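When you get a sec, could you build the whole thing from the sequences and use the hints?
As you go down the protein sequences, you meet chains A, B and C in turn. Take any residue in the first sequence, note its place counting from 1, add 147, and you have its number in the numbering used here. Position 169 of the second sequence, counted from 1, bears residue number 160 in the numbering used here, the numbering being contiguous throughout. Take any residue in the third sequence, note its place counting from 1, add 334, and you have its number in the numbering used here.
These are calculated hints, taken from the structure and not from any lab test. Check each hint, because a few of them may be wrong.
[As the list claims (entries may be wrong)] Now the stretches of chain A that chain B is said to cover, found in silico as 3 or more residues with beta-carbon under 8 Å:
#1 152 to 164
#2 167 to 179
#3 196 to 210
#4 216 to 224
#5 227 to 235
Nothing here was measured: the structure is a model prediction, and the numbers come from that model. Quick reminder that beta carbons are idealized off the backbone N, C-alpha and C, glycines included.
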Amino acid sequence: MTPSYYLLLSALLFAIGAVGVLVRRNAIVVFMCVELMLNAVNLTLVTFSRINGDLDGQIMAFFVMVVAAAEVVVGLAIIMSIFKTRRSASVDDANLLKY
Amino acid sequence: MSVLLAAADLVAQLPAQDPPPVPPVTPPVVDTVTTGEAVVFWILGPLALAGGLGMIFSRNAVHSALWLVLSMLCLGMLYLTQQAPFLGFVQIIVYTGAIMMLFLFVLMMVGRDSSDSVVEVLRGQRLAGAVLGIGFAGLVIATVARALTDVDARGLAAVNDSEGGNIGQIGRELFTTYLFPFELTSALLIVAAVGAMVMAFTERGPGARRSQRDLVEARFRGEYERPSPLPGPGVFATANSVATPALLPDGSVAPESVSELIAPRERSTLTGDEDAVAGRLPTPGARALAPHTDAAGTDADAAADADTAVLTENPAAEPAADADTTAVTTVTGDTAADEPTTVIHADDTDATEAEGKNR
Amino acid sequence: MLTLAQEAAQEAGPVVGAASGLASMAWLLVALPAFGALVLLVGGRRTNAWGHWLGCATVLAAFGYGLALFFDTAGLPAEERTRELDLFSWIGVGSLQIDFGMRLDTLSMVFVLLITGVGGLIHVYASGYLADDPNRRRFFGYFNLFVAAMLILVLGDNFVTLYLGWEGVGLASYLLIGWYQDRPYAATAAKKAFIMNRVGDVGLALAIFLLWRELGTLDYTEVFARVGELSGPTITAIAVLLLLGACGKSGQFPLQSWLPDAMAGPTPVSALIHAATMVTAGVYLIARCSPLYNLTADGRLVVMAVGAVTLLIGCVIGCAYDDFKKVLAYSTVSQIGYMFLAVGLGPFGYALGIFHLLTHGFFKAGLFLGAGSVMHGMNDEGDIRRMGGLRKHMPITFVTFTIGYLALIGFPFLSGYYSKDAIIEAAFGEPGWRGWVFGGAALLGAGLTAFYMTRLFLLVFFGEERWKTLESEDGRAYRPHESPLVMTVPMIVIAIGSAAAGFFLYSGERLVGWLEPNVGALQEHDHGVLPHTAVLALTMGLIALGVLVAWLLFGRGEQPVARPARVSLPVRAARADLYANAVNEWIIERPGIWLTRLAVFLDNKGVDGVVNGTAALLGGTSGRLRRLQTGFVRSYALGMLGGGVLVIAALLVVRYS
Chain A
148 MTPSYYLLLS ALLFAIGAVG VLVRRNAIVV FMCVELMLNA VNLTLVTFSR INGDLDGQIM
208 AFFVMVVAAA EVVVGLAIIM SIFKTRRSAS VDDANLLKY
Chain B
-8 MSVLLAAADL VAQLPAQDPP PVPPVTPPVV DTVTTGEAVV FWILGPLALA GGLGMIFSRN
52 AVHSALWLVL SMLCLGMLYL TQQAPFLGFV QIIVYTGAIM MLFLFVLMMV GRDSSDSVVE
112 VLRGQRLAGA VLGIGFAGLV IATVARALTD VDARGLAAVN DSEGGNIGQI GRELFTTYLF
172 PFELTSALLI VAAVGAMVMA FTERGPGARR SQRDLVEARF RGEYERPSPL PGPGVFATAN
232 SVATPALLPD GSVAPESVSE LIAPRERSTL TGDEDAVAGR LPTPGARALA PHTDAAGTDA
292 DAAADADTAV LTENPAAEPA ADADTTAVTT VTGDTAADEP TTVIHADDTD ATEAEGKNR
Chain C
335 MLTLAQEAAQ EAGPVVGAAS GLASMAWLLV ALPAFGALVL LVGGRRTNAW GHWLGCATVL
395 AAFGYGLALF FDTAGLPAEE RTRELDLFSW IGVGSLQIDF GMRLDTLSMV FVLLITGVGG
455 LIHVYASGYL ADDPNRRRFF GYFNLFVAAM LILVLGDNFV TLYLGWEGVG LASYLLIGWY
515 QDRPYAATAA KKAFIMNRVG DVGLALAIFL LWRELGTLDY TEVFARVGEL SGPTITAIAV
575 LLLLGACGKS GQFPLQSWLP DAMAGPTPVS ALIHAATMVT AGVYLIARCS PLYNLTADGR
635 LVVMAVGAVT LLIGCVIGCA YDDFKKVLAY STVSQIGYMF LAVGLGPFGY ALGIFHLLTH
695 GFFKAGLFLG AGSVMHGMND EGDIRRMGGL RKHMPITFVT FTIGYLALIG FPFLSGYYSK
755 DAIIEAAFGE PGWRGWVFGG AALLGAGLTA FYMTRLFLLV FFGEERWKTL ESEDGRAYRP
815 HESPLVMTVP MIVIAIGSAA AGFFLYSGER LVGWLEPNVG ALQEHDHGVL PHTAVLALTM
875 GLIALGVLVA WLLFGRGEQP VARPARVSLP VRAARADLYA NAVNEWIIER PGIWLTRLAV
935 FLDNKGVDGV VNGTAALLGG TSGRLRRLQT GFVRSYALGM LGGGVLVIAA LLVVRYS
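As structure tokens, then:
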């Protein structure tokens, strides 16, 4: 067994997160799915770090976490503000910007 | 996208036909996966997958969040096994601990009303999403499998064993090679914090804020629904949940005491307490705390009374329950489903009122 | 350039000298009428009171200067009479350098005198004829504009200047034919004249383009000096194209049908523009290009054929018309046919054509002025069947008209006798079948001319006074009266010219000798198909026969006022202009309309279809594609994931295929 299995696990998790983004309508759950995708990427980075034998991948994962944190903060604030005005957290209800 | 890029890099950099001739002076250190790690992987990996799938499939957002926590915890553990102790703990503490709690906070504020309905409005979205997801996973797995079959990991043992260990080395890298991006992250975080504040901030006009005295006077003038604050939740020996309603002196339930955003799911478990307070129980017994699912006449009446009390503003108006209400109650109590239909109904009626009561 | 021109002139053609002395003021000839036109057209109503006098004065002043210039030129030796006056550089584009200059030679001097002299007299006449017209001042503005343009036409020293004048007279002609703007047929006639002239102008323009392409110059001097460099077919092509232009301007077959309609304009216009001067511009063009026509026998043959056909057409139709001015118009068509026939004879006829042009200018102007005088006194009535016996009421008009009439039919010792008979003789001088055909046509034309002119003359001035019982269209009774002095004096002067010009120009071969430096010496056939005396006798006999027949038919007894409806086929054909309009309609107009409709159809269905179809396709497609923007974020996310899958698949295919 090689560390590649971690990559396969990561791909599966990423795919699950992507599907979740596609099928879930609750904006918060969609955000959770995005978080899952980011975590899958982090797993990839950590695995590559191990395969390559240096720490660059881990540091990259660290940065991903920071960016994810910032994203979550802003994203949740957006969801809050939308919820305050529209009384709904469904991404399907925010569909005014269209044809 | 980053995975896409990584995959692209892989494809571009690692030719499958002839691996790049690495001329190492010293024979490369090969980091094999030990049996213990394999065992851990085969336990945690499926668990992580189960967490992801559970997150997708649970219709309750809180459950989704909990499933995600499971998945993240598994990932954190996997980081630990992959010689990334710092990241592993950061994952568990920051991600699982902080960020997911933030999610739960927001869920608490937004409420559970936004849980998905069963009907998918976009035609073919679920099918297409599933097909694309499976296709994506298949393609990436094929790529990875093809590209990395014969690749041996070098392992981080040498790095982690050097000065300062894993954390020390990461710190060294962060503050030397990656100093500028690191500083950029600080800017990013402060901007994100300020942005979140700006967006979550509710503007009030000058003078709009009333003093307590003003509020009291306004209440008594009738500008609000009721002059007094809402009653707090009930506190019983068996439950201290905010979902537990308060009981009025006559044993009936005070409907305002429970936030409408909170499912009064535990109501049925409190029937005994209600009866005890109301003095309706002939003899106190251990069965008082059991659910009243049997069709005993008095018990059924009491349960019906209690349940309708939640649904109606004035419990005294309907002293006797009819068969329909009983049926509803039975269903609610029996299935113990995540979301009783009545609750959804109550939530949909007037969210504004609900918020007003929350406040 | 000057040396080149001199070298060329030594080879062929006269020496071209620079104009000096009196001749250096030759620009005055154009400038005077142009100034008059400018003042009258720009000045507006303020010039109403004296506008017509200014108009007459400019032309008469130009005539005075032209006369002085003529004598100045006549004082020079024959070989120095061709002079050029460079005024300014007009068009300079690359190798196309065109100077605005004037060529003062014997040919142009003759035309200057005709245009300003006869034109001046007609100006004076018009001031009386249009005395009641509130827009008389504007009329004189147009008239002066015409004179200026005509002088540019004949004085220009290159083909582009000629073209400028050519279009200028076309414009003036258009404006004056449509003078009576409130009469629809006048407007239609003006448009018809304009369009048919454009057809001819295309030919002229193409000829100029060809000359430019082949020779690289458009100056008369250089072109005629180097015309020998051109190949035969090119010369013939240029000759035929020039002839097309000449036909358009001169109302020759096949473009003759506009000229009779042009009589819708006031009578002085008909007299000056559509009889004496402008319509002879075609003859001038061919005479001017004589060095070119000398080199192409085929081109001359075409010119002769056109002339012969036209003169017969004009005669035949003239016999059938009852409209005073239209008869004269067809007479003009026919006489210009004679001129074309003459210049088509080449060295045997250039001078004769110009000769006939001059005499015709006199007597036809006189006839038109007489017609105008008669119509002026008859409430503008034009139908000769409603006239009759007018000789007692308009004695001066009668006398002057008689002189013009006799001059036209070629009565001995009047001007037509000298000019027309000379053309008939020269036509018979051609060898072989040409002599018979063209001579015969000219001879027949002379007889027919005598017939229709006598008919006209008798119906107007003799016989019963049929107008006594009739009323004009506006309900007034006819009160024929002699015209005022301002009209009769020019008529008298022109009548004297009609009578005497022929003999004056003929005696001692004055005109032929005068024109020799520019159109070459007049040659005479030694062995024609008929001897001169026989031709003369035949001509006189036919003329007498024509007069006699006309007198027998129209001079005796009662003439019906209404036009006889049941007439023989030839008369019916002649009344229908020998179906010229119908032919034009069938050959040009109908196919043109069909073509236009086809083009419109193609434009609507084809071009617009393509354009609108493209727009509709894009609009429809985008309207449907627009629906992809559902506003649902999840749809967009689906698209993104699909794109990512495609990218990965593509990478895999590229890498591992």
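Consistency of the hints with the structure:
Closer than 8 Å: that is the beta-carbon criterion, and the stretch 152 to 164 of chain A has 13 residues meeting it against chain B, so the requirement of 3 holds. With 11 residues bearing a CB less than 8 Å from a CB of chain B, the stretch 167 to 179 of chain A meets the requirement of three and the coverage assertion stands. A stretch counts as covered by a chain when three or more of its residues have a beta carbon under 8 Å from one of that chain; for the stretch 196 to 210 of chain A and chain B the count is 13, and the coverage holds. Only residues whose C-beta sits within less than 8 Å of a C-beta in chain B count toward coverage, and the stretch 216 to 224 of chain A has 8 of them, enough to reach three; the restraint holds.
For the stretch 227 to 235 of chain A, the assignment as covered by chain B holds, since 6 residues bring a beta-carbon within under 8 Å of that chain's beta-carbons and 3 suffice.
No hint from the list above goes unmet by this structure.
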